[in-house]
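J.: Now for the letters of each chain:
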Amino acid sequence: MKVEIYKFANRLKERMGSAFAKQEEGFLAPSAIAEADKLIAEICATSPETIAKHLKTLDGLWEKLRDGDAAQRQDTAVQLFATAHEIKDIGAMCGYDLLAYFAESLRDYIERTELNLQAQIVIVQAHLDAMKVVHQRGFRKEAGPEAEELKLMVQKAIDKYH
Amino acid sequence: MTLFHKKPLPYDLSNFTILIVEDSPHMQFLMSQMLKAFGVGEIFACESANDAIELLTVMQATKKSKHLTAVDIVLMDWLMPKGGSGEELLKWIRGHERDSVRFLPVIVVSGYTTQYLTATARDLGANETLVKPISGNGLASRIVSVIDHPRPFIKAPSYFGPDRRRQVVPRTGPERRVTQAQEVRMD
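Protein sequence lines correspond, in order, to chains A and B.
Just so you know, the first sequence maps onto residues 1 to 162 in our numbering.
Just so you know, the second sequence maps onto residues 1001 to 1187 in our numbering.
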């Protein structure tokens, strides 16, 4: 078995100039890192409104899934997937773990093409209801009695149709 | 010992160009703002693997040297439902004919926290993985790691990418290797 090993000069360090050539371990300015964390905090401060907007979009898409014709189903599923994925990202980034959990679960169920339309409608609705409760009541953590109850509710819908 | 000990300087990324591949507009905006805060000189953003492939191809075609690329580091999401995933982009980069593309440092950023993702990304040649939610420290440490520890690349029949061995583990048992260390070709 032939294995080749490629070693090269540290081009990234070279790009920073000679001042860093001999510095073995580097770092970014703590003020720059603090600035980045401040940006995350600022974005997360507006995340409840953003999440509410996405939940409204999910509501509309669910209605489209329920009432639309079969030809549109694939398109709607793609939009549902993308919106759930977006909520998951925002939830994970801003510490809404429970919301991120349901959004991820919804996203993964939309991908399951073996589900029939009726199953998809019920499973999407169960996720959407749970996410609305989580958002309205401001639940953050994935654990706890309320979280377990909501998870159970969604699981029942999944078990019934899956 | 010297009388005047120079205090180490923080890295200056003003000459760096970083490509963000992220389908979520929120995350894309956040990451680009964070990189700006880090002082990164130029930031490109694409919302899918296909867009990134197109951009890197155009960059390759318009520059003079085949060994240099306009992008220094690629920061990519893993799961992008539309227009090609991070997995496809990473395969494309590592499989590229030009050295300037196939040796690009790649940091995978993902909300998937599974062992599967870490193992798959590593086995396809990612340099670093960063699990969301991202923090200033998390992103900074991955960028610094890519700069400080450019691992040699390994080309084996079933793998091409940075050396996956991060530590030297002492071996026990009989010696079965037929190739000695000094026989390994270095380019």
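FYI, nobody ran anything at the bench for these hints, they're computed from the structure.
For each residue, glycine too, the CB sits at the ideal point set by N, CA and C.
Be careful, since some hints might not be right.
Derived Cβ-Cβ restraints for the label pairs, each shown as a range [said to hold, decoys possible]:
1. T1062/B x T46/A: 52 to 60 angstroms
2. K1082/B x F8/A: 34 to 42 angstroms
3. I5/A x Q1115/B: 24 to 32 angstroms
4. K2/A x L1009/B: 38 to 46 angstroms
J.: Hint by hint, note whether the structure agrees.
T.: So, going through the hints one by one against the coordinates:
1. T1062/B x T46/A: 52 to 60 angstroms: 38 angstroms, violated
2. K1082/B x F8/A: 34 to 42 angstroms: 35 angstroms, holds
3. I5/A x Q1115/B: 24 to 32 angstroms: 27 angstroms, holds
4. K2/A x L1009/B: 38 to 46 angstroms: 43 angstroms, holds
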